[in-house]
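Chains A and B supply the protein sequences, listed in that same order.
Letter 69 of the first sequence, counting from 1, is numbered 69 in the UniProt record's numbering, and no numbers are missing.
Letter 154 of the second sequence, counting from 1, is numbered 154 in the UniProt record's numbering, and no numbers are missing.
Where hints are given, some of them may not hold.
Said to hold, decoys possible - Computed cross-link-like contacts, EDC-like style, restricted to lysine to aspartate or glutamate with a CA-CA straight-line distance of at most 16 Å:
no. : chain 1 : residue 1 : chain 2 : residue 2
1   : A       : K181      : B       : E41
2   : A       : K181      : B       : E115
3   : A       : K21       : B       : E71
4   : A       : K165      : A       : E128
5   : A       : K145      : A       : E184
6   : A       : K101      : A       : D40
7   : B       : K94       : A       : D7
8   : B       : K72       : A       : E184
The hints are simulated quantities; they were obtained by calculation from the structure and are not laboratory data.
The lines below spell out each chain.
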Amino acid sequence: MKIAIIDYGAGNIQSIKFAVKRLGFEAVLTDDAEEIKSADKVIFPGVGEASSAMKMLKSTGLDKVIPQLKQPVLGICLGMQLMCEYCEEGDTPGLSIFDAKVVKFDNTVKVPQIGWNQIYDLRSDLFEGVNEKEYVYLVHSFYVKECEETICSTQYGVEYTSAIKKNNFYGVQFHPEKSSKAGEKILENFLKLELRS
Amino acid sequence: MLTKRIIPCLDIKNGRTVKGINFVDLRDAGDPVELAAKYAETGADELVFLDISATEERRKTLANLVLRVAEKVNIPFTVGGGISSVEDVDILLKNGADKVSVNSSAVKNPDLINELSQKFGAQCITVAIDAKQVNGQWIVHLVGGKVPTELDLFEWAKEVEQRGAGEILFTSMNNDGTKDGFANIALKKLSEDLNIPIIASGGAGNIQHFVDTFKEGKADAALAASVFHFKEIEIPDLKKELADQGIPVRI
């Protein structure tokens, strides 16, 4: 199986590569459109700030490539947020794959949220073998609002979307590569997804 | 619910853990990777590696260590010690560290916090503050508490937040090594003054100290070294007691 991790200068890609390796697979880091298109699975990572990340995607033309992908795609953290319609951070239009908006946590909670929180109302093949209210590791200041495409939620001042799915596109706000055994299970589930059109 | 984090801290010198670490079931207790994996398995929420090497090759050694830790460990980790530039941070994050912590270099050059936060995002920039209470005032210290500065803890912490730090690791030099508990009064003030997470450090001696720092000190996370390394406190026991006392933890 060919796994591509989209390389556009966003941080902490190494940890994802290692997590994939721990599951017995190899992933390649690439910004090459053809290589990404031909992969069986695509991981779209992201750490950092939305508008500068979007700029990097545009400079390589990947902003056009990603929404056209047909194989399973997993956006992680900022990757997931960029797949939404709009990110409040840096007033950034997203890739509009998901019909959702990304907004900042308000001042009633500490921002960023850093640490382990629970995911619940799990409703996707991504969570096969994962318990309701499982703990995952999250680090973020902006969140995806609840929407029709939400496949699990988390509570932090508000109830928000901690994972989302539309067709072949998946997004998770948490870091599966840093979420101990539960994270590994979710990543494994993604890598084992069969493509259904 | 967001849980309170338990963070073992590993001191690293020339790529090896320092202090005698009492883990009989480890093949090599001096190997930070093996120790880190052990902590991850027993329920640590996060790890901190504090590099205290003073050699020419320290940057390279640390970067290699980070790569080896990231390969084996499936929980987040922070790296600190001697980090003073964007280049230092870049290589550590690229190699798989989740966060870096800066201390003296931020005091000497506060703009570094802004630079790092803008380039890498607030979420991966921890500012470590060592402070000592002198005549009633909390004064920021450098070099492991040896060198006092002019800075007031609470003013500096506020500035650090405004400059873009994602969290603060506060070590009380009055409490560090005493095993008498964390500096909960100062921690509570920090936690209420600021809107970023606060990690309590210095003074852990028993399980009740952790309960107190979460309840009274309002800390978001608690860091300790020797009580974990010498198995005076086992993380599963600690977390069970925290849960029993109504503190949200990941079990």
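Hint check results:
Only pairs whose Cα atoms come within 16 Å are accepted, and K181(A) paired with E41(B) is accepted, the gap being roughly 9 Å. A threshold of 16 Å between alpha carbons decides the hint, and for K181(A) with E115(B) the separation of about 35 Å lies outside it, so the pair is violated. A C-alpha spacing of about 8 Å is found between K21(A) and E71(B), which places the hinted pair at or below 16 Å, so the restraint holds. Proximity of K165(A) to E128(A) is assessed by CA-CA distance (about 15 Å); at most 16 Å being required, the pair is judged to hold.
Proximity of K145(A) to E184(A) is assessed by CA-CA distance (about 25 Å); at most 16 Å being required, the pair is judged violated. Of the pairs offered as hints, the one joining K101(A) and D40(A) is violated, with about 28 Å between alpha carbons and a cut-off of 16 Å exceeded. Proximity of K94(B) to D7(A) is assessed by CA-CA distance (about 12 Å); at most 16 Å being required, the pair is judged to hold. Distance check on the hinted pair: K72(B) and E184(A) sit about 12 Å apart at the alpha-carbon level, within 16 Å; holds.
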